[in-house]
Amino acid sequence: MADLILAEPRSLPVGPIGRNGIGWWGVGALVASEAALFGYLLFSYFYVGATAQPGWLAEPYPKLFPSLPNTILLVASSFVAWFGEKGVEKDNRGQALIGFGGAFVMGAVFAAVQGYEWWMKPYGLGANSYASLYFVTTGLHMAHVLVGLVILAALFGWTAVDYFSPRRRISVSAGVLYWHFVDVVWLFVFTTYYITPYLGYAR
Amino acid sequence: MRPAAFRTPEIGEDNPILRARLHAIWETTPGWRGWLSTVDHKQIGLRYIVTAFVLLAIGGIEALVIRLQLAGPNLTLLTPDQYNQLFSTHGMTMIFLYASPILSGFSNYLWPLIFGSRDMAFPRLNALSYWVYLAAALFLYSGFVIGAGPNDGWFNYVPYAEKDYNPGLNQDFYALGMVLLGISTTVGAANFIVTFFKTRAPGMSINRVPIFAWGTLTASVANLVVVPAVSLAFFLLWMDRQYGTQFFKPEHGGQPLLWQHLFWIFGHPWVYAIVLPAMGMVSDALPVFCRRPLVGHTLVALATVSVMILGFGVWVHHMFATGLPGLAMSFFSGASIIITVPSAVTVFAWIATIWLGRPVITTAFLFFASMILLFVIGGVSGFMTASVPVDWQLTDTYFVVAHLHYVLIGINVFPVVGATYFWFPKFTGRMMDERLGRWNFWTMFLGFNLGFLPMHLTGLLGMPRRVYTYPDGMGWDILNLITSIGSFAFAIGVLLFFINCWRSLRHGEVAGDNPWGAPTLEWSTSSPPPPYNFAVIPTVASRHPLWEDQLREGEGRSSLFRGMLLDHGKEAIATTSLDADPERILEMPEDSYAPLLLAIGLAILFVGLLLMRGIVAGVGGALVFLALLLWLWPRASLKEREPDQPEAAHG
Amino acid sequence: MSATPLAYLTGAGARADTTVSLTWFTLIVSILVCLIIGALVWWGARRYSARGGALATTSVTVERGGNGIRWIVIGLIISAVPLLIALVWTMAALAEISGPPGNPALVLDVTGHQWWWEARYNGTHPSDTFSTANEIHIPVGVPVLVRLHGADVIHSFWVPKLAGKTDAIPGQNNVTWLQADVPGRYRGQCTEYCGLQHAKMAFEVVAEPRAAFERWRARQLQTAPPPVTPQQKQGLAVVNYRCSLCHAIRGTSAGSGYGPDLTHLMSRQLIAGGALQNTPGNLAGWIQDPQSVKPGSLMPRQYLSGPELAAVTAYLETLQ
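In order, the protein sequences belong to chains A, B and C.
The numbering of the first sequence is the numbering used here, which starts it at 1 and goes up by one.
The numbering of the second sequence is the numbering used here, which starts it at 1 and goes up by one.
The numbering of the third sequence is the numbering used here, which starts it at 1 and goes up by one.
Source of the hints: derived by calculation from the structure; they are not laboratory data.
Among the clues, some could well be false.
[Claimed, not checked] Once the Cα atoms are required to be at most 25 Å apart in a straight line, the calculated SDA-like pairs of lysine to any residue come out as:
{"#": "1", "chain 1": "B", "residue 1": "Lys163", "chain 2": "A", "residue 2": "Lys90"}
{"#": "2", "chain 1": "A", "residue 1": "Lys86", "chain 2": "B", "residue 2": "Phe6"}
{"#": "3", "chain 1": "A", "residue 1": "Lys86", "chain 2": "B", "residue 2": "Pro643"}
{"#": "4", "chain 1": "A", "residue 1": "Lys90", "chain 2": "B", "residue 2": "Pro643"}
{"#": "5", "chain 1": "B", "residue 1": "Lys163", "chain 2": "A", "residue 2": "Tyr47"}
{"#": "6", "chain 1": "B", "residue 1": "Lys163", "chain 2": "A", "residue 2": "Thr51"}
{"#": "7", "chain 1": "A", "residue 1": "Lys90", "chain 2": "B", "residue 2": "Phe6"}
{"#": "8", "chain 1": "A", "residue 1": "Lys90", "chain 2": "B", "residue 2": "Ala5"}
{"#": "9", "chain 1": "B", "residue 1": "Lys163", "chain 2": "C", "residue 2": "Leu298"}
{"#": "10", "chain 1": "B", "residue 1": "Lys163", "chain 2": "C", "residue 2": "Asn240"}
{"#": "11", "chain 1": "A", "residue 1": "Lys90", "chain 2": "B", "residue 2": "Arg635"}
{"#": "12", "chain 1": "A", "residue 1": "Lys86", "chain 2": "B", "residue 2": "Arg635"}
{"#": "13", "chain 1": "A", "residue 1": "Lys86", "chain 2": "B", "residue 2": "Trp633"}
{"#": "14", "chain 1": "A", "residue 1": "Lys86", "chain 2": "B", "residue 2": "Ala5"}
{"#": "15", "chain 1": "A", "residue 1": "Lys121", "chain 2": "B", "residue 2": "Arg241"}
{"#": "16", "chain 1": "A", "residue 1": "Lys86", "chain 2": "B", "residue 2": "Asp644"}
{"#": "17", "chain 1": "B", "residue 1": "Lys163", "chain 2": "A", "residue 2": "Gly124"}
{"#": "18", "chain 1": "A", "residue 1": "Lys90", "chain 2": "B", "residue 2": "Gly168"}
{"#": "19", "chain 1": "A", "residue 1": "Lys90", "chain 2": "B", "residue 2": "Trp633"}
{"#": "20", "chain 1": "A", "residue 1": "Lys121", "chain 2": "B", "residue 2": "Ala5"}
Just so we're clear, the structure is a prediction, and the values are computed from it rather than from any experiment.
Taking the hints into account, I'd like the entire structure generated from these sequences.
If you want it as structure tokens, here you go:
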């Protein structure tokens, strides 16, 4: 008679512990899908640019102010959010609140500065395909930033009422992962629209 | 004292007291409350299947009206506009509202059962994917019903889809409806992927996973990364139409071919996603009727994944006539020829299984065996179109219409019908009628081939696609008449299938746990299974747990009646990705209205966008926000946060 | 015209012929594969151990036997042969036919409109250039370059007996080429869905010996003769008033390029995008009520009186 194989595990975690849990995988899948979305947006830029007539770039030398300092601000906000996540990990509520609140403020400033930059553009959404691609790409990114701000605000609030601990903080990991994603995507968008023209693309 | 974060799960035997306790924990609230808030994968799966079959019937009726119009030359049953809406809606219905959801339905119902698990990884997300699918189907059809259905084919090329040429609401219904549907597909895909990797029963290492799971997994990975392409395409179209952007209009630098690239980068992987799970069903169920394991299980799993990977690299074969550079076309032509190889692996595996097994002719077997031939017919016509010079003649003729119907009906519909005969006892506790099943099979098989085999010739004689009528004197008249007759015969066959399902629900012979003597875990539960699926979590020792005693291979035997109880609440087990070692006890959510509310909010939001009314969109957006808050608010019961303490004790 | 004018299992020129043999090869391979697989499935199933339902199934014991992997390997090896042949042949054929010929005897500009085809024959001077619609003449036995344009939406230019199809895309300059080695009248059809009357957007390519072609071209270059009879004069007046918004007739004041050029309307065998034979009755019917022939056509109903319609038709019949 063959042996019965029986799994008898000892001492399993119940629910998510720290940043490990099934919910993290779910947000990871969502992030992968949204990243693909931005991949297709940038593909559209490169494809239309490659097949366009000369003079397609509405801005052959895009202004790096205020977008470059704004980019640095957004990337820095990821570090601040990470700092906040570390605070939850070390059970330091003050650090957590500074981190989430700080990242929120930096993200909000990024959004406001970008809105100002849109206002100052000499061309509108429907001027030509370059303009449409620029506004829709940065616009969809902005929508993701706004969702990220709501998430940071929620994390701030939930931290303030002591929901999280070093053990139970899966929402924090998921939310901060999303914020990092938003920032990394921006690096790709920024490089595409603001840097590649200087490298000669579509000029 | 905080509740323990770690626990050694109790091991025990399956027994009635345990079952009663689990039943009370897992059953859905009775009545309409439960109906609206259930997160039980079996109920959600059945809804998907029923809804998809309804849409199959609707799409089929559309096709019959089309065939009436095309039965002879110069007929005037339909105006051009009516015809164009009919063929576009038929394509949209079959490809988006039937072919994928039906497979989601079977996957939803069966996956936790074949994995030895109690539910999918994300039960509420599961409910959401169904509600959004239903909302999208209603949204899309409300356009059709008011005479503003899609009218530019299912593939919707620009510039014809732009407002200059298409001023009505048709395109807006289609574009927004597809974005809404994309949400359902995406969250469903995420759910399948995480379920596959994290919630299989202990011992179900990656090499022991049934092929059906591989099929749905590869489809889900593909969908996760390509659905954004089509959602983006439709969103950009909607922006062109409503906000005057210039994505696709050449007058201001727009690029009509950008639409085609985005659409087909999605579209080609999508057509594999709507057949690979069905092929997986054949790979798992055909061997049962050959009384032996599938030949080449590992090769077939690898072939499934390879087809999908190669499927990302062939999309340009839909664009061979658009004037692309020869080098690019050569690459995609070569890839399109090569992709037949992994498909051939699966076909030969099935044939070998029949020849090296001891076939039993049942209705299910007939559907599975016949689909092999239909698959190959569809495959070779695809092989013909893979060659660029040949495609330059074949594309946009009825040859391609013949090809796509052989692959879709042959590799999706026939397996789905066979799968229904196979799994109906498990879902309902009753067998379908075998005699009616034979009539069902032969009518569908002969009708389908009568209708669509001549269509290859119609295409070779030059009849173009998407035409509301055709002149006489082209040599197409008799062929079209035969196709129309065959289509009606096929439809009668499908009707017999629905009748068999309906009658068997009430009068079918009562089924036991395992009427077919099949090997996989779902057949170790009752028919239908209890809400909790498994009273004790099984431990798996092979690919064929219920055949181990008969096959007598290997050292170990799966443990089906002794295992972890996980009865401290609504609990399931998470395991590692490759070896399926137990890793975590999962707290599963109770019934919830949040998914329904979120779907309603999304529907209202999209209606607002359709009508360009900010207030309506705003209300929808607010409801979406509230539903998400309700859903994602950290809950102590799900261990997402610490419970409230009388005294605040940190650290 | 053949019984199957749009069939392409035979060709009538160098470009089409290269594809015909490859088409037949892949078709025959495909049919053979289907027969072999069909036979394998049929004979495999015929060896059944039982028939019936659940009881029949469970009555047969489960047993793993035989080396199945061998089947897969052998099947793949056999399949690889036609696949490789097709791959190599495809590349060779593509190389042969895709590039337009170095020295085309004639260069045409063809524009797809909803729902008719414009063909412009260029010359060195504007007076050497003319446009016609839906009936394209080419000299036999020489390659003809066709530059494709899209006026509105995507159309596709297809003359099955002479070449594969190439799309006419707005904003893009696609190029194809034709060669007819046998004189004749070859039917063409738009093959990219383009709206309500995609079904009735056919055209003809007439391949004739060089001398005949030159005679046709010289004729097309001529402007329209002035009307002679009073009825014809009345007809021209109505045409100038009603039709000149969309149509051009060189030699009159009608000069719009929105619709087909009518200067040599009666030299064409078909009208209305290949939907009707060019007879006086059909012509009158088409003019008065295009919507009954092609519902959704961009040419509106005319509501002409009986005498007006007769006059217009009489005038148009002078446009040989």
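Verification of the hints:
| no. | hint | in the structure |
| --- | --- | --- |
| 1 | Lys163/B - Lys90/A | violated, 57 Å |
| 2 | Lys86/A - Phe6/B | holds, 23 Å |
| 3 | Lys86/A - Pro643/B | holds, 21 Å |
| 4 | Lys90/A - Pro643/B | holds, 19 Å |
| 5 | Lys163/B - Tyr47/A | holds, 23 Å |
| 6 | Lys163/B - Thr51/A | holds, 24 Å |
| 7 | Lys90/A - Phe6/B | holds, 20 Å |
| 8 | Lys90/A - Ala5/B | holds, 17 Å |
| 9 | Lys163/B - Leu298/C | holds, 17 Å |
| 10 | Lys163/B - Asn240/C | violated, 32 Å |
| 11 | Lys90/A - Arg635/B | holds, 21 Å |
| 12 | Lys86/A - Arg635/B | holds, 21 Å |
| 13 | Lys86/A - Trp633/B | holds, 21 Å |
| 14 | Lys86/A - Ala5/B | holds, 20 Å |
| 15 | Lys121/A - Arg241/B | holds, 23 Å |
| 16 | Lys86/A - Asp644/B | holds, 22 Å |
| 17 | Lys163/B - Gly124/A | holds, 20 Å |
| 18 | Lys90/A - Gly168/B | violated, 59 Å |
| 19 | Lys90/A - Trp633/B | holds, 22 Å |
| 20 | Lys121/A - Ala5/B | violated, 55 Å |
The structure does not agree with the numbered hints 1, 10, 18 and 20 stated previously, though it agrees with the rest.
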